[in-house]
Amino acid sequence: DAGITQSPRHKVTETGTPVTLRCHQTENHRYMYWYRQDPGHGLRLIHYSYGVKDTDKGEVSDGYSVSRSKTEDFLLTLESATSSQTSVYFCAISESGQGFAVLYNEQFFGPGTRLTVL
Amino acid sequence: GENVEQHPSTLSVQEGDSAVIKCTYSDSASNYFPWYKQELGKGPQLIIDIRSNVGEKKDQRIAVTLNKTAKHFSLHITETQPEDSAVYFCAASTPHSGGGADGLTFGKGTHLIIQP
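Just so you know, the protein sequences line up as chains A and B, in that order.
So the first sequence is numbered by the numbering used here: it starts at 1 and just counts up by one.
So the second sequence is numbered by the numbering used here: it starts at 1001 and just counts up by one.
By construction, these hints were calculated from the structure, which means they are not laboratory data.
One or more hints might be untrue.
[Unchecked claim] In silico SDA-like pairs for lysine to any residue, Cα to Cα no more than 20 Å straight-line:
hint: 1; chain 1: B; residue 1: LYS1042; chain 2: A; residue 2: HIS24
hint: 2; chain 1: B; residue 1: LYS1022; chain 2: B; residue 2: ILE1114
hint: 3; chain 1: B; residue 1: LYS1071; chain 2: B; residue 2: ARG1051
hint: 4; chain 1: B; residue 1: LYS1022; chain 2: B; residue 2: ALA1063
hint: 5; chain 1: A; residue 1: LYS11; chain 2: B; residue 2: LYS1071
hint: 6; chain 1: A; residue 1: LYS70; chain 2: A; residue 2: GLN25
hint: 7; chain 1: A; residue 1: LYS57; chain 2: B; residue 2: ASP1027
hint: 8; chain 1: A; residue 1: LYS57; chain 2: B; residue 2: GLY1001
hint: 9; chain 1: B; residue 1: LYS1042; chain 2: A; residue 2: PRO111
hint: 10; chain 1: B; residue 1: LYS1022; chain 2: B; residue 2: THR1065
hint: 11; chain 1: B; residue 1: LYS1042; chain 2: A; residue 2: HIS41
hint: 12; chain 1: B; residue 1: LYS1042; chain 2: A; residue 2: ARG44
hint: 13; chain 1: A; residue 1: LYS11; chain 2: A; residue 2: SER84
hint: 14; chain 1: B; residue 1: LYS1022; chain 2: A; residue 2: GLY40
hint: 15; chain 1: B; residue 1: LYS1042; chain 2: A; residue 2: ARG9
hint: 16; chain 1: A; residue 1: LYS11; chain 2: B; residue 2: LYS1042
hint: 17; chain 1: B; residue 1: LYS1108; chain 2: B; residue 2: ASP1049
hint: 18; chain 1: B; residue 1: LYS1057; chain 2: A; residue 2: GLU106
hint: 19; chain 1: B; residue 1: LYS1042; chain 2: A; residue 2: ARG114
[As the list claims (entries may be wrong)] Some residues of chain B that are not near chain A, with every Cβ distance over 12 Å (derived):
hint: 20; residue: GLN1014
hint: 21; residue: THR1024
hint: 22; residue: LYS1058
hint: 23; residue: ASP1059
hint: 24; residue: GLN1060
hint: 25; residue: GLU1079
Even for Gly, the Cβ is constructed at its ideal location relative to N, Cα and C.
Make the full structure from the sequences, and use the hints.
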């Protein structure tokens, strides 16, 4: 298994409180991603990072911010949690490679964080 | 942006039979198509992938085919076993203009049930 840990693994919080989720990798991969998984929606990209201090928005970025000050850590912050942010959050890592002149993007996922916002 | 459709949402097959899950994508620039298996309470696990310069790839009981013209790709599992029961996700990835790639766009998943 890829060396990815997420913390906390479970969290219950109240509406309006700030929440930070942490993803830590030991693979020294350049790319890191945050996804959320909800029934009926599959996995959707929130934000991603293509290097230290380099981040970009994904499909469902509203209400979320991220930071990456070190290669190994990627933080996801909910500034003011809402009930609609109740979900399972997955971190993924990737070292974009090149084969036969085609860029590819193997991503490996962490174990997830189950967040409940009451 | 990319849109990935996956069918069926639930698939029940007898142990030993084959299972096929199909996906379509919308962005002709997408060039990488992985398949993930997710067991209850765990993160998605990459089981096989295919790149746009290849039409078919096989790994033991699992195979994936890609039709770039029709923009669809499929997962084939032969000789299914009880441990194949899980949720399977297809995904597509588009190269990033600055190098590397954006995140994956996922289908909504197929719950595969292997009946003993």
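Which hints, by number, does the structure contradict?
5
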